[in-house]
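J.: The chain contents come next:
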Amino acid sequence: MALVGGRGCSKIRGSQIRELLDSKHNVLFDCDGVIWNGETVVTGAPEVVTLLKQQGKKVFFVTNNCTRPRANYVTKFARLGFTDVGEEEIFSSAYCSAAYLRDVAKVQGKVYVIGCQGVVKELMEAGVPIVDEEAEGAQTGTIYDYPLDPDVKAVLVGYDEKFNFIKLAKACCYLQNPECLFLATDPDPWHPLRGGRITPGSGSLTAAVETASSRVATVIGKPSRFMFECIASQFEGLDPGRSLMVGDRLETDILFGAKCGMDTMLTLTGVSTMEEARGYMDSHDPDSGDFVPDYVVESIADFIEAYEEKEEREEEQG
Amino acid sequence: MAVSKCTRLTGPLIKQLLDSVDNVLFDCDGVIWRGDQAIPGAVGVINLLRKNGKRVFFVTNNSSKTRKMYAEKMSLLGFDAKEEEVFGTAYCLAMYLKTIIKLEGKVYLIGNNAMKQELENVGIQQTGSGPDLIFGTPSDWANVPLDPEVKAVVVGFDWDFSYMKLNRAMQYLSNPDIVFVGTNTDTRLPLEGGKAIPGTGCIVKSVETAAQRQAQTVGKPSRFMFHCVASQFGLDGARCLMVGDRLDTDILLGSNCGLKTLLTLTGVSTLADAEAHQKSGAPERLGMVPDYYVESIADLLPALQG
Numbered sequence: 001m002a003l004v005g006g007r008g009c010s011k012i013r014g015s016q017i018r019e020l021l022d023s024k025h026n027v028l029f030d031c032d033g034v035i036w037n038g039e040t041v042v043t044g045a046p047e048v049v050t051l052l053k054q055q056g057k058k059v060f061f062v063t064n065n066c067t068r069p070r071a072n073y074v075t076k077f078a079r080l081g082f083t084d085v086g087e088e089e090i091f092s093s094a095y096c097s098a099a100y101l102r103d104v105a106k107v108q109g110k111v112y113v114i115g116c117q118g119v120v121k122e123l124m125e126a127g128v129p130i131v132d133e134e135a136e137g138a139q140t141g142t143i144y145d146y147p148l149d150p151d152v153k154a155v156l157v158g159y160d161e162k163f164n165f166i167k168l169a170k171a172c173c174y175l176q177n178p179e180c181l182f183l184a185t186d187p188d189p190w191h192p193l194r195g196g197r198i199t200p201g202s203g204s205l206t207a208a209v210e211t212a213s214s215r216v217a218t219v220i221g222k223p224s225r226f227m228f229e230c231i232a233s234q235f236e237g238l239d240p241g242r243s244l245m246v247g248d249r250l251e252t253d254i255l256f257g258a259k260c261g262m263d264t265m266l267t268l269t270g271v272s273t274m275e276e277a278r279g280y281m282d283s284h285d286p287d288s289g290d291f292v293p294d295y296v297v298e299s300i301a302d303f304i305e306a307y308e309e310k311e312e313r314e315e316e317q318g
Numbered sequence: 001m002a003v004s005k006c007t008r009l010t011g012p013l014i015k016q017l018l019d020s021v022d023n024v025l026f027d028c029d030g031v032i033w034r035g036d037q038a039i040p041g042a043v044g045v046i047n048l049l050r051k052n053g054k055r056v057f058f059v060t061n062n063s064s065k066t067r068k069m070y071a072e073k074m075s076l077l078g079f080d081a082k083e084e085e086v087f088g089t090a091y092c093l094a095m096y097l098k099t100i101i102k103l104e105g106k107v108y109l110i111g112n113n114a115m116k117q118e119l120e121n122v123g124i125q126q127t128g129s130g131p132d133l134i135f136g137t138p139s140d141w142a143n144v145p146l147d148p149e150v151k152a153v154v155v156g157f158d159w160d161f162s163y164m165k166l167n168r169a170m171q172y173l174s175n176p177d178i179v180f181v182g183t184n185t186d187t188r189l190p191l192e193g194g195k196a197i198p199g200t201g202c203i204v205k206s207v208e209t210a211a212q213r214q215a216q217t218v219g220k221p222s223r224f225m226f227h228c229v230a231s232q233f234g235l236d237g238a239r240c241l242m243v244g245d246r247l248d249t250d251i252l253l254g255s256n257c258g259l260k261t262l263l264t265l266t267g268v269s270t271l272a273d274a275e276a277h278q279k280s281g282a283p284e285r286l287g288m289v290p291d292y293y294v295e296s297i298a299d300l301l302p303a304l305q306g
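Listed in order, the protein sequences are those of chains A and B.
So for the first sequence, the working numbering puts the first residue at 1; every next one is plus one.
So for the second sequence, the working numbering puts the first residue at 1; every next one is plus one.
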């Protein structure tokens, strides 16, 4: 059966998946809602990753979740049964933000960070100097007398469970200088936890800083292209035409894939639904096409079936 | 009256304008005071307007004082003002919940003591005000206990705004039956001494983003601010003058409600801003073009004294 291409929201399985994967060198996976949900692995996900690598594919993990440094992600992968995932294959928005500041913006000076330990650690790992809040005892000051560090050349906003008004005010002050860069790790307004629960995301904090400063942040995370460019800078010859982006959120993963020129696949184990995907497909809005996945699967575990079918057929023929 | 707009108010025009209105509504910050300093001449203007038989009201988006606190500040600065003449957003929001929403139940409040007091004054209980620090794990945050009596989430200026407050508001707002109201959307709040800090608009935007819902807003340019004054004092919009320093709040409110509008240049907006709106010809910007402008409200003194 011929593969239906184009942004058509095609539900595929079995040999159709295999045909698609045979045409790709690289598979990029989102994490939350795709390979795991919180601390629960999506059944079959570890086997899928191993299978793809056995088939000679490069596998990358591209996540907007900036709450852990890469080393922690490696531990999580191991804990959830993945046996062969290395740090170099993991691209989080925190890691990519640090890489951007160091390698693309080449910031000469300090970064004022609104972010959790996951963000701070990636900056420190990358050797990007940050404002040391604790050293200044800055949290105890009031709005009238907190010191501003004259070396700050960039503000980075990420997920921060300790976000408060003073941090917002400080960021706003630094951003009065138009030369000061304004970056955000990711645009997600909320993050999903297990069981359909959510918590406020980086996007809701960035919105506060943007409103206060009347400036728009440069967003590193999906759907912006920067994370793909970060991967491509480390893995030469990464061809988007030979890459498949697999995600669960139309507005981040699928749009990201489309913007980077990749084929896109929606898996239904996370946030977005088939109805939502069809909604974008049926929309008259000219921009909505990029939100429509090329392909849809119930779960990435369907990849296993695709290769099992191939093996069975080969056995019959052999 | 005037067909043309953005006219400099001088000479006989001043008396003409004042004769055509019975009530003058003033914004506060940047119009009659800056921080804790009265604009020179402002006290005289207001006293003389009253002497000339005009009613005077004060309409401000600032949510951090009750009407009583405003009256006290005015008194300190030499303005002779009664509580009933002052309409701040803490008071107006409480009135909005009471008279328009007819709220039965509690409010989850991201706000300040003034808002808490104004809510109590109309018999509405609140939960949430004060510091709220993070504790536990993300799972704890996603599962914070929600008070079943809460029927509205209200957002105003809050020094104690934190991730935890944002989280609680977001959790409440996942119930579409819960009403979502903000005091105002000003992005910056002027402080005593001329500094400015992030305004309530930032907090509202943050909650709107997390909750993926839009807040109703009580403050200028929403018509409710005028409605609140007009309904209590029986005002006819056509006989009212709105005096303000911000085109997108004060002047727009005036235009929306059919008032005459006067821009004073002692605050945020400039003449160039006004002329840009006028030249644009865009329908959504025309409401921000004032009928008249003055350098300062002190410019009204000669006509009032004469």
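Take the hints with a grain of salt, since some may be wrong.
As the list claims (entries may be wrong) - Per label pair, the in silico range of CB-to-CB distance:
1. B:G130 / A:A232: 46 to 56 Å
2. A:G38 / B:T127: 46 to 56 Å
3. A:G38 / B:G281: 30 to 40 Å
4. B:Q212 / A:E298: 23 to 33 Å
5. A:M281 / B:E84: 36 to 46 Å
6. B:G281 / A:E87: 25 to 35 Å
7. B:K279 / A:F235: 47 to 57 Å
8. B:K279 / A:V216: 23 to 33 Å
Said to hold, decoys possible - Derived lysine-lysine pairs resembling DSSO-like cross-links, with alpha carbons at most 30 Å apart:
9. A:K162 / B:K54
10. A:K162 / B:K279
11. A:K24 / A:K57
To be verified - Going by beta-carbon spacing under 7 Å, a handful of chain A positions derived as facing chain B:
12. C9
13. T199
14. T211
What the hints contain is simulated information worked out from the structure, not anything from laboratory work.
Quick reminder that beta carbons are idealized off the backbone N, C-alpha and C, glycines included.
J.: Taking the hints in turn, state whether each one holds.
T.: Structure-based check of all given hints:
The hinted window of 46 to 56 Å between B:G130 and A:A232 holds, with their beta carbons roughly 49 Å apart. With their beta carbons about 29 Å apart, A:G38 and B:T127 fall outside the hinted range of 46 to 56 Å. In this structure, A:G38 and B:G281 break the distance hint of 30 to 40 Å, their C-beta atoms being roughly 54 Å apart. For B:Q212 paired with A:E298, a C-beta distance near 26 Å keeps the hint of 23 to 33 Å intact.
Evaluation of the 36 to 46 Å hint for A:M281 and B:E84 yields a failure: the beta carbon distance comes to about 58 Å. At about 57 Å, the beta-carbon gap between B:G281 and A:E87 misses the expected band of 25 to 35 Å. A beta carbon spacing of about 52 Å between B:K279 and A:F235 agrees with the range 47 to 57 Å that was offered as a hint. At about 25 Å, the CB distance of B:K279 to A:V216 agrees with the hint of 23 to 33 Å.
Taking the CA atoms of A:K162 and B:K54, the gap is about 51 Å. The hint is violated against a cut of 30 Å. About 46 Å separates the Cα atoms of A:K162 and B:K279, which puts this hinted pair outside 30 Å; it is violated. The straight-line distance between the Cα atoms of A:K24 and A:K57 is roughly 8 Å, inside the 30 Å bound, and the hint therefore holds. A cut of 7 Å between beta carbons decides the hint on A:C9: the least distance to chain B is about 23 Å, and the hint is violated.
At a threshold of 7 Å, the smallest CB-CB gap from A:T199 to chain B is about 5 Å, leaving the interface hint in force. With its C-beta approaching chain B no nearer than about 4 Å, A:T211 sits inside the 7 Å limit, and its interface hint holds.
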